[in-house]
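Residue strings, one per chain:
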Amino acid sequence: MNFPMEYPIFQFFHWLVNTPGVGSAFAAAAGIGSITAYFLTLRHIRAAKDERDVTYAYPTPALHEHEEEESSVSDRPSPF
Amino acid sequence: MLRVSPELKQKLIDPLFTPLDRNFKLSAGVLLALIGWGAVMYIRQVFLGLGVTGMGRPVYWSLYIVDFVFFIGISHAGTLISAILRVTGAEWRRPITRVAEAITTFALIVGSLQILIDMGRIDRLPFTFIFGRLQSPIMWDIISVTLYLLGSVTYLYLPLMPDLAIIRDNLPPGVPEWRRKLYEILSLGWRGTREQWVRLEKAIATMAVIIIPIAVSVHSIISWILATTLQPGWHSTIFGPYFVIGAIFSGIGALFIAMTVIRKLLGLEKYIAEKQYRNLGFIFITMNAVWFYFTFAENLGIATGQQTYEMPILATKLWGEFAPSFWLMVACMAVAFWILVVPQLLPKPKPAMKPIPIFSRRFATATAGAMTLFAALLVVSNFVSVPVAAISGEPIASTILWTLLIVNAILFLLSVSQWLKAHPVSATVIASVFVVVGMWLERWNIIIPTVTHPMLVRYAAYTPTLTEISIAVASFAGFTFMFLVFFKLFPAISIWELVEGQVLEEAQAKVTIAHPEISGD
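So the protein lines, in turn, are chains L and V.
For the record, in the first sequence the residue sitting at position 57 is 57 according to this note's numbering, with numbers rising by one throughout.
Throughout, this note's numbering is defined as the position within the second sequence, counted from one, plus 1000.
Just so you know, these hints were derived from the structure itself, not from any lab.
Just so it is clear, CB atoms sit at the ideal spot from N, CA and C, and this is done for glycine as well.
One or more hints might be untrue.
Simulated pairs of lysine-lysine, DSS-like, Cα-Cα distance not exceeding 25 Å [what the hints assert, rightly or not]:
id: 1; chain 1: V; residue 1: Lys1264; chain 2: L; residue 2: Lys49
id: 2; chain 1: V; residue 1: Lys1025; chain 2: V; residue 2: Lys1264
id: 3; chain 1: V; residue 1: Lys1181; chain 2: L; residue 2: Lys49
id: 4; chain 1: V; residue 1: Lys1275; chain 2: V; residue 2: Lys1264
id: 5; chain 1: V; residue 1: Lys1354; chain 2: V; residue 2: Lys1421
id: 6; chain 1: V; residue 1: Lys1275; chain 2: V; residue 2: Lys1025
Simulated restraints on C-beta separations [stated by the list, open to error]:
id: 7; chain 1: L; residue 1: Ile32; chain 2: V; residue 2: Asn1382; range: 36 to 46 Å
id: 8; chain 1: V; residue 1: Met1119; chain 2: L; residue 2: Val17; range: 55 to 65 Å
id: 9; chain 1: V; residue 1: Tyr1157; chain 2: L; residue 2: Arg52; range: 53 to 63 Å
id: 10; chain 1: L; residue 1: Val17; chain 2: V; residue 2: Glu1505; range: 50 to 60 Å
id: 11; chain 1: L; residue 1: Arg43; chain 2: V; residue 2: Arg1278; range: 53 to 63 Å
id: 12; chain 1: L; residue 1: Phe39; chain 2: V; residue 2: Arg1278; range: 57 to 67 Å
id: 13; chain 1: L; residue 1: Pro4; chain 2: V; residue 2: His1235; range: 21 to 31 Å
id: 14; chain 1: V; residue 1: Glu1007; chain 2: L; residue 2: Arg52; range: 26 to 36 Å
id: 15; chain 1: V; residue 1: Ala1289; chain 2: L; residue 2: Ile32; range: 35 to 45 Å
id: 16; chain 1: L; residue 1: Phe13; chain 2: V; residue 2: Tyr1309; range: 29 to 39 Å
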C-alpha cells in the first residue's frame, strides 16, 4: 500500500514537517505567543480597579465566595 | 499599605536587608571563581573547537548532554510539583512552593545553556532556526523548553508579586535606593484590592493547569530525541514515561536538599516543618519504586531480546566498563529506598526497653569499618598489581568479597535505622543526595554507553577532559549562585500564601466534627 501523497492534505503535512524554517516559525510563534499572553495577564492583574479603598495582604476563600454570592444573586433569574 | 506580622517580618523580610556576612561573601567568591574558570575554558573551547573535549567520532554527545538531561530533569521539581499540589489543594505545599519554583527556573536556564555549550560552533546557532524542520524532535524540544521556561518564570513571578508589594511597604530604614526601586518596579503597583486578588488567583490557577502538560511534554520530548533514533539502547517505547518519572524523582530530591539548606540558613524550621518532609516523602518513595520498575522493565526487554546491537550495551553496563556507574546508580537508589522506608517500619523504642545491640553506635562503626576494608580490597584487586590483588582478584575470592561487602552494607544500614527514624529531616536529605547522584549517573548510563557502542561503527571510549569537567562544575556553581542571589533579594517562602494557610488552619481547628451516630441496639 502506497502512502497517499496524491491527497492535498498529506501534501500539506509533508510540506509542514519537511520545509526548513517552518519548525522555527512554530518555535517563534510559541515563544512570542506565550510572552504576549503572560504580559497581557500581568497587565490585566495590574489594571484591576476596585471602587472600595480596601486592601488585603492575603486572600482567603471567603474573599472569592463573597463575589460569587453577589453575582449569583444578581444574575439568577427571578423565580416569580 | 500592606501589613505583615512582626514575626514574619523578622523571619522573612529583615534577613533580606542584613549586610552580607563573611559566609555569604566566601560562598559567592568561591562560586564566582568556579564560574569564571568555566567561562575561560568555554572561551578556549570556542577558539580551539570541540577537539579539546573527549568527543570525537562516534561520540558526538557527552558530558554536556548528560548535564542537559540532568538539569532539565531536576527542573521538574518545582513548577510541576508546585502546580500538581496547587491543583490538588494540598495545603502543606505553601512553605515550599517558592523554593520549588526557583529550582525550575534556574535549572532550566543552566540546562538550556548546555546545548549552546555542546554546539561548539556557536556562530552556527542561527542555522538551527533557519533550517529547523518540524519533523525533528530537537525542534519539538526547542518549542517545549521555551514554553516551559517562559511559563516557569511567570509561575514564579505571579505569586511573588504580592510579596514584593509587602516588602515594598515594610522596608526597614536605610535601605539603598536601588533596592527600594527594585521592589517598587517589580511589584507592578500591586495594592491588594479584592479585584486584584481575584484576578491573580485565577491567573495562578490557570497557569498551574497549563504548566502540568507542558512539563510532562518537556522530558518526554527529551527522551524522544533519543528514542526516535535507531541507536541501540535508545529506541524504546517506554522512554517517555521513564524520563518523566526520573525527572520528577530527581526533582524532588533536589527540592529536599534546597529547602533544607534554606530552612537551616534562614532558621525557617517553624514553617518548613516535618509535615512537608513526610508528605513529600511519600511521593518520593512512590517515585523511587516506579523508577525501579521502569529501569527493570527497560533492561529486561533488552536482556531477553539478546539482539546483536543492543545486548553489548547492556553487557557493558552489567559487567563491562560501565558496570561501576550502573551498579553505583542502582546502589544509590536502593540505599535511598531503604533510608526512606525501613526506619518507618521499626517500632518506636520505649524508655524501659533494653537497648538492642544491632542499633548501637559500636555495631555501626564495626560494620562501616568492615565495609571499607572489603571495598578497599576490591578496588586494590581491580586497579593495583600487588600480591594481595592476585588473591582478591580471583573469581571465588572476589565473589566472597562482594557478598561480605553487601551483607555489611545491609547490617550498617540496619544499625543506623533507629537514628534515621529519630531524625526524619536528616534522613530525607541523605536519601535525596543518594537520589540526585543516582539520577545523574542514570543520565550518564543512558547516553554514554550508547554513543560509545553505536550500530555499524567501531566501538569507542570516552573520558571527559578538563574542559568538560570545568564547564560541568561551573554549571553546578552557576545554579547554586543563582539561588544564593535570588534568596538574598526575595523571600524564601511565599508570605501571603503562608498567612492564608495559617488563617485556614485556624478556622478548621475551630470546627468540631460530631461523633458518628450509634447504630443498632
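Hints, one by one, checked against the model:
For the given pair, lysine 1264/V sits about 41 Å from lysine 49/L by alpha-carbon distance, which is inconsistent with the 25 Å threshold. Note on lysine 1025/V and lysine 1264/V: the hinted pairing holds, with a Cα-Cα distance of about 18 Å set against a maximum of 25 Å. A threshold of 25 Å between alpha carbons decides the hint, and for lysine 1181/V with lysine 49/L the separation of about 23 Å falls inside it, so the pair holds. Between lysine 1275/V and lysine 1264/V, the direct Cα distance comes to roughly 16 Å. Compliance with the 25 Å bound is thereby established for this hinted pair.
Distance restraint check for lysine 1354/V and lysine 1421/V: the Cα-Cα separation of roughly 18 Å lies within the 25 Å cut-off, and the hinted pair is therefore satisfied. Taken as a hint, the lysine 1275/V and lysine 1025/V pair is broken in the structure, with Cα atoms around 33 Å apart against an allowance of 25 Å. Under the hint 36 to 46 Å, the C-beta atoms of isoleucine 32/L and asparagine 1382/V, about 56 Å apart, miss the expected range. Checked against the hint of 55 to 65 Å, the pair methionine 1119/V and valine 17/L fails, with Cβ atoms roughly 23 Å apart.
The given range of 53 to 63 Å is broken by tyrosine 1157/V and arginine 52/L, whose C-beta atoms sit roughly 27 Å from each other. Hint check: valine 17/L to glutamate 1505/V, Cβ distance near 53 Å, so the stated range 50 to 60 Å holds. Checked against the given bound of 53 to 63 Å, the beta carbons of arginine 43/L and arginine 1278/V, roughly 41 Å apart, lie outside it. Separated by about 40 Å at the C-beta atoms, phenylalanine 39/L and arginine 1278/V break the suggested range of 57 to 67 Å.
Range check, proline 4/L to histidine 1235/V: Cβ separation about 27 Å, and the 21 to 31 Å hint holds. Between glutamate 1007/V and arginine 52/L the beta carbons are some 29 Å apart, a value that agrees with the proposed interval 26 to 36 Å. Taking the beta carbon of each, alanine 1289/V and isoleucine 32/L are about 42 Å apart, inside 35 to 45 Å as hinted. Range check, phenylalanine 13/L to tyrosine 1309/V: Cβ separation about 32 Å, and the 29 to 39 Å hint holds.
Checked against the numbered hints above, the structure violates hints 1, 6, 7, 8, 9, 11 and 12; every other hint is satisfied.
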